[in-house]
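Participant: Listed here are the chains, written in short residue letters.
Number of protein chains: 2
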Amino acid sequence: MINKLIANIKKTHAPIVVGLDPTLKLIPKFIMDKAISNYGESMSAAAAAILEYNKGILDAIASYIPAVKPQIAMYEQFGIPGLQAYDRTVKYCKEKGLVVIGDIKRGDIGSTSTAYAIGHLGSVTIGETVCKGFDEDFCTVNPYLGSDGVKPFIDVCREEKKGIFVLVKTSNPSSGEFQDRDIDGRKLYELVGEKVNEWAESCMADDYSYVGAVVGATYPEEGKILREIMPKSYILVPGYGAQGGKGKDLVHFFNKDGLGAIINSSRGIIGAYQQEKYASYGEEGYAAAALAAVKDMKQDIEEALG
Amino acid sequence: MINKLIANIKKTHAPIVVGLDPTLKLIPKFIMDKAISNYGESMSAAAAAILEYNKGILDAIASYIPAVKPQIAMYEQFGIPGLQAYDRTVKYCKEKGLVVIGDIKRGDIGSTSTAYAIGHLGSVTIGETVCKGFDEDFCTVNPYLGSDGVKPFIDVCREEKKGIFVLVKTSNPSSGEFQDRDIDGRKLYELVGEKVNEWAESCMADDYSYVGAVVGATYPEEGKILREIMPKSYILVPGYGAQGGKGKDLVHFFNKDGLGAIINSSRGIIGAYQQEKYASYGEEGYAAAALAAVKDMKQDIEEALG
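Note that the protein sequences, when read in sequence, are chains A and B.
So for the first sequence, our numbering puts the first residue at 26; every next one is plus one.
So for the second sequence, our numbering puts the first residue at 26; every next one is plus one.
Okay, chain A solo, but in the shape it has when bound (with noise of 0.2 Å):
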């Protein structure tokens, strides 16, 4: 799948995921007024209404970018019907030949990592049928648990070819709270880094590993040192738009390939007909106010990269 994914970013010229972040507040008045006319005022009207403003967006944007990133806690608020849709925006994403990367910092002890490993990027067997649960393409990890929290994903990346980003130095604000200590004269996430760099080396595809890390595009100095610690890991960069990361910031996530990085952008793209920029669109024209966003973001993306 990073063979997908790195064959997706030169097809599109766009080294860019569009985060499918679905709230309330995001999605167009007429169609929740539909989704309730339909459901009542219900988890199952939430459901239906981020379907349909996921697939609206999608069909739009889906031949201009490589991948998505599907944030399961934005559906999960909805109890099972919000599931049901995160699923249906898996397969939906599939397929339209996107790669998916659900966006689900898992991770536990070693007999639970397998669970969520196999649930989201493997199979299990039922009787004699191989059954798949949610089927993503990769899946964001949490390293918290250390190497036995983590391997148990590698394990299923090797089996089915799939990849997972682990995170490494997040995006928000108060990442430096534990990630930025030092540790033996270097920080945490240099530490953990330096660990995603050692599983990355054990589970290659290519030219670069199955397994990636998430770094914030909000740090791009950490990215810098970061990008030298991981040279074949994939690094995610969310961040971008919303939450403050501009193009300039990003140069130093790439390598000299060019390739090596791919930037996140939720909100800026999926809510763009909201922001002042795109409000002519008007809510009607919420998908096309995305692409918009999407041709922007890539000539800054191309533009920072010179």
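All clues given are correct.
Pairs count within a copy or across copies, as identical chains cannot be separated in the list.
Listed below are the simulated EDC-like cross-link pairs for lysine to aspartate or glutamate, each with C-alpha atoms no more than 16 Å apart in a straight line:
| no. | residue 1 | residue 2 |
| --- | --- | --- |
| 1 | LYS212 | GLU202 |
| 2 | LYS176 | GLU202 |
| 3 | LYS281 | ASP232 |
| 4 | LYS50 | GLU153 |
| 5 | LYS157 | GLU66 |
| 6 | LYS54 | GLU153 |
| 7 | LYS212 | GLU253 |
| 8 | LYS29 | ASP231 |
| 9 | LYS116 | ASP160 |
| 10 | LYS273 | ASP321 |
| 11 | LYS80 | ASP112 |
Source of the hints: derived by calculation from the structure; they are not laboratory data.
Model the placement of chain B on the given structure of chain A, informed by the hints.
Facilitator: Using the frame of chain A, we list chain B on its own:
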């Protein structure tokens, strides 16, 4: 909910939480066969089997224990049907008067943690209707992203009078890889414990806080240190039984009031019938075997605490 947890512990004289972590290997053949004959070899069959198995165990043990801890990964591995079984298990436990600790280990940037917090502990408003998602009483939280990944959970706890257990020192063999690293003369787990104590003091019920911690039974020395760092926090202690923790290891996790800790056992209880000690119950007696294991665990802990 921390007050209800303490009341339930006093009523049952058992500082015990039973982990409802079903795997296909644990489910008796007669239950799985029936589910497959009803639903074919499918995720729905696995989910139906899990739910029947859980209900059997809960009917046997519910009046002897204060709380349960379903591990969501074990359900999530079976996709949407699995998560429906999780949802129904949570509701069934609550009908039985049990405190439900959702072992979900979520944690993300602020806006995303908010979505997890309202999905698992709080509610969303759709139109003018308040809807609840999974509605557990407590959940577990991963602290790697720092305060702004944890605070949304605390905000919801304060509103709903529910609680969280933050991962501090986990029970798995490689937990020390990051958690035991030296930072300014103390370990990372101590630093996280200090933060938990801050959060706990900001969110008190009566004697104890809505903010607790997870510390593995497999690390009793660390438990002793952390007990002192976080006096107001209940400690959820996994790792007893199948993972190797013994009754004598548990004494330092408790406060002088005899409270402050709740010990989890999962496979050791729900899979008791597969152990040599309880083999005479047979597969059909899996629930009675679980009850026998609960009683033995209670006695082991009572003896250890003197």
